[in-house]
Each structure stands twice: as structure tokens, then as C-alpha cells.
Amino acid sequence: MTKTKNADWPKISVITPSFNQGRFLEKTILSILDQEYPNLEYIIMDGGSTDDSISTIRKYESHLAYWESMPDGGQYDAIQKGFNRSSGEIMAYLNSDDLYFPWTLRVVGEIFAAFPEMEWLTTSCVSATPPEAQFPLVFNRSNRSRRRFFETRGKLLRQRDFLQQESTFWRRSLWEKTGSRLDTDLKYAGDFELWSRFYEHTSPVTVHIPLAMFRIHNEQKTASLDKYISEAEKVLSRYPCPFWLPTLFIRFLNRIYCFVPFDANWFGMRSDCVEYRVHEADWVYKKKLEWQD
Amino acid sequence: MQHPPFPPPLTGKTGWPWDFKPEKVSAGFDLPRVTIVTPSYNQAEYLEETIRSVLLQGYPNLEYFVIDGGSIDGSVKIIKKYEPWLAGWVSEKDNGQSNAINKGFSRATGEWLGWLNSDDCLAPYALYNLIRTTQSGQSDFVFGSCVQFGVSRPYPRLKMPGPSVFNYEVLRLIDLLEQPATLWNHRLFRKHGPLAEDLHYAFDWDFFIKCALSAKGARCASVIAAYRLHSINKSISGDLKRSKELIGISLRYLPNDIRKRFVFLLPLLWFLIYVQSFQKSPHAVLRKISSLLRPSLGNCKFLRLFKLPLELWATHGLADCIGENLITIQSANRTAATVSDALGCFGGETVLPANSRRNL
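Chains as they are written, first to last, in this note's numbering: chain A, 143 to 435; chain B, 133 to 492.
What the hints contain is simulated information worked out from the structure, not anything from laboratory work. The structure presented is a predicted model; accordingly, all values stated were derived computationally and were not measured. Don't take each hint at face value.
With the Cβ distance kept under 8 Å, some of the chain B side facing chain A (calculated, not the full set) [what the hints assert, rightly or not]:
no., residue
1, P295
2, I461
3, C477
Just so it is clear, CB atoms sit at the ideal spot from N, CA and C, and this is done for glycine as well.
Generate coordinates for the entire structure from the input sequences, incorporating the hints supplied.
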């Protein structure tokens, strides 16, 4: 058994914006630090909380790469400031009331190390905790193609199939290519705006392993889903809607593409995934199209 | 020795553990021998799935015993079908589940021991994931997550114990470990075994509490097993006796300060058990007949009244730490009737890496 060197693992930067959510903050911090990921850069950007958040952060100060507590221009401004300070190859942010699973960082680190050309990763097991539920629920969503993302314009209210922000990780190269900024004008759908810019570049790779838990509680910002959706609609309206194709025709195309060694993202219908194979002791990359299992 | 070809899947069965081609797993170290014992009694419906899920692990150093309690429903036929791959099997009358498991463990030569009940299943490469976790630390006990599914639970649940569950102070209050997803070192079994044969439902909890006194536990982040809930599941059907056993165990290992607080409940408990003992009197025969006539009402209405509070108290009434120590996740939009579907809801088919391959 060899000792793991930090250099073996890609450096992951996780930013936590926090503002007066002391009752959830400690669990969030522990869910990241308990994983003992060897090459982690964890930054907490506090917006000048007045509750016990500061004492909680002080408790884990020695494990943080950086933290500060001063008034900022909202959640996405805090995250932006955090990313400006970070240096990791893989980037993500985790809001102060959400949780990672115990395996998350290692799984993400392995996948990004295994596929150097992969740009961003998300999960197809979206887990959320509605306030009336006893425990988190997992929604299985496999279709993350670019076509699907942009064609939901005007339909977001009906089909609320958003990418789960907590379980999305991206490379710094993609972040720099897409402007290395978050849209701080948006109050709610800043993450959605970031995905839209990422999607312009490439569509995400999914992994069928739950990566993070999303807590929906009453005072939470995104719990006012209507505002989030209206902002997301505004974001989508900046982009042209993909031209319409009959569903049966798309299915027919998919049948044909199965036999074609394709590399192009035809009609934006690619939604690739990665899987772990134990006997090969490695991850495999599966090129897939929408609806293809 | 030349084995016959491995039996093909039954017609109409797909997915794990039916049409699955295992490949021999290997690691950077010698994989220690693992002994799995399956106690079985009249569960032919599920037994084949269980046996296949163990044999298709692809684990190179596996020792597998099936201990049957004299089944009359064709279990023996299934066991004979898989005889060449078993280290041993018997089919004879025994004194219950714990007795059968002890019989199996008395013949075990493996370094790591575990048992798998005849209605539960292991996930693909579960043994390998558990053993891999033990290599990274000095632990004698390893546990993982478990998926619960079945007719009474169409949307399967993933039960994920927290890292500090294997702690005497926690474990003696609540049984948070999922038995199918555990393995322990043979040293532990020599020290604390065999299993208590007077218990019929909660002997696993009893054994785990004893283990937690002296051993350090490691948690494997992978999905290890699928636990089937069905109408003749012992944990569900044996309602009253099970409650009594759970209460008995939680009282036996209760911390003294809590015991003092709850001591006024003891007369009530003794009274309940005293009432229960009436069933063993000659009148029991008459009661039995009447209960057969009225199966929905059961034997003793009085005790049944207390069933739910007793059960709640015994399982998690005394401790207020479930939230941190057991994460439960439920599938929201995918139902599952088979093992393969249930595991697929949580990525159990694509194994969750517990520690990196680079750690090995």
C-alpha cells in the first residue's frame, strides 16, 4: 500500500457562500472536511453574518484555505470573490445549507483525473429534501443534452428539470474559456446562467451516482422557485431555441446513430456518461444520445 | 477439479444477479479469504437470487456455506444446483436462524466473516469494496450502505450509516447497522461469538454491540446489499416477539443514568411479558383455535395495543442521534420490483468507489 500523494489527485476548489445560516453551516463544512480529500481547497465567503456562523467557521479555521466575513453584493458576488481567490483545477460551490455525500470528492477527483479532456461533470441522481419529506428524495434524470437544455425555453414552469448545482463540477479551463465570471446581476438563477454559457461550449458528462443533497427549506432563496424560473426564462431567451424535430424522428435518428462511430454532437443530442468498472479498476466513458440507455 | 458450467439465469430474469458476467477482481494486495454463510428456511423463491449474488461477486478467495433448516419447498434442489461452488451445505432441522449461522461459522476458515439471509442480496463487487476499505485502516469491522426494496416499498430507500455509527455508545441505543452490509474479522467472532441462540430476531444487533465494545469500525461508502421487505420477512412479521427482544437488548446494554430514568417502566414491561406468558398455558390451545378463526385480530389484543409504542421505544426511542448517524434517501421517480432495479436507482450497479484504487 503506497501513501497517496497530493499530486495524484486534482486540486478541487469548493466555495461556500454563507449568510446567517449557522444552523446548517456546521453540517455542510463537516460533509466536505470529513471526506479527507487529499487535495482540497476549501474557501468560505461569509456575508457578515450576525448569528453563530462566525464561531462555527473559526472552529474549522485550520482546514480552510481562506475565509472572510464582510458585507458583499449577494450570494453570487460572494462566490465570484471566492473563485477569484481559488487556484484549484476543478471548481464547484456548495451553498451553506446543502450537503455532499461521503464519496463525492473522491469520485469527482477520480473522474476528472481519468478523463483529462472532460470539461464538466454533473449527476443523473438529483437528490433534494423537500420540507414535507422525512428524508432526501432521488430523482433519476439521465438526459443532459444541449438540445434538451435550450429547448425547455418557455416550458420551465412545466418541466422543472434543472441541473443540480450542488453536484456540478467543472474544470478551470472551461471557467476561463467562458469568461470566468458569474452574472452578479441575477439574484436567483446565477447558476443557470453559468450553465447556459457552459452549454454553449460543451454539454456535461453525467455520472449515475448521487453527489450532493439539496435542502429545500422555507426561508431559502431558491424555495421561491417562481422567481428562479422567471430569471432562468430570461436567461434562456437570450439564446435561439433549437429547431424543432418530431420526437419519433429523433428516436429514429438515435437508432441509426447507435451504429455510427460518432464524435460530433449532432443536433446537440449527446448526453454522455461515465461509469466505474471494478474489474478494470477504472472509469469508462460512454458516448450516448438522448433516450439511449 | 472440473466445474460444470455455471447455471444460466432462469427464464425471464435479467439484470443483476442473473445475466451478469463477473470478472475476477484483483488488487495490489492478496485478497483475504471471506466466508459468507446463508441460513435458509423455506425461502426457495428468493434463495437462488441470493446464492447467485454471492457466487457472481468474482471474488477469488470466497468460501460460501448454505445452511438450510430442513426446507420442504424445493430449496434443497436449488442448493444442489449450485453445489460445486459451495464450500459446504447441510439441510437439517435446527434451533432457528442464529443456530444455523453458528453452524456455518464453526466450519469457516476465512479471515473475514459475514452472513447473508436468504432473502437479501449483495450488490455487484460488494465483497471487494468492503475488503478494500479494510486495507486502508486498522479496523476489524466494516459496514456499508444498504438498499431497502420490496412489495411494501415500491420506491426503494438507501440507508447509509454515518461514519461514527460503529460506536458502543450509539449502537447500544439504536440498531443503525444494516446486517447484510457488514463483515467482521474472525478474531472478533472468536472473541464475542457465537451468536446468542436464545434470540431469534435481534441477535445481529446483540453481536454488533459486543463487537463495538472492543473493535474499531470502518465505513465503506459503496452500496453493499439489497434488503428485501416482504410479508413474511422476519423483521416485519415477528412483531411482538421482536419488540420484546429489542427491548430486552436495549435494556441489557442501557447506560445506568438512562436506566434509572426509565426504571419505572420496568414493572409495566414485566407485566406485559407476564400477560404474554398466558399463551403457554393449556388455554393457549383454545386461544390458538380462536386466533385461527380471527387471524386479523391476533392472539392478544392487549399487547397489540402497545405494539407500536414499544417498537418505537426499542428501535429509536432512547436515542436522539439518528439524524447524524443514518442518512436515508428515497427514490422519487423510479420504482423497483427487482434487486437490479433497486440498486440501479442509487447507482449501485456502477459501484461507488470507497477509497481510490490509487490507495492500494
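Hints versus structure:
1. Because the closest C-beta pair between P295 (chain B) and chain A is about 7 Å apart, less than 8 Å, the hint holds.
2. Taking 8 Å as the C-beta cut-off, the interface hint given for I461 (chain B) holds, the closest approach to chain A being about 5 Å.
3. The interface hint given for C477 (chain B) holds, since its Cβ lies 6 Å from the closest Cβ of chain A, which is under the 8 Å cut-off.
Checked against the numbered hints above, the structure violates none of them.
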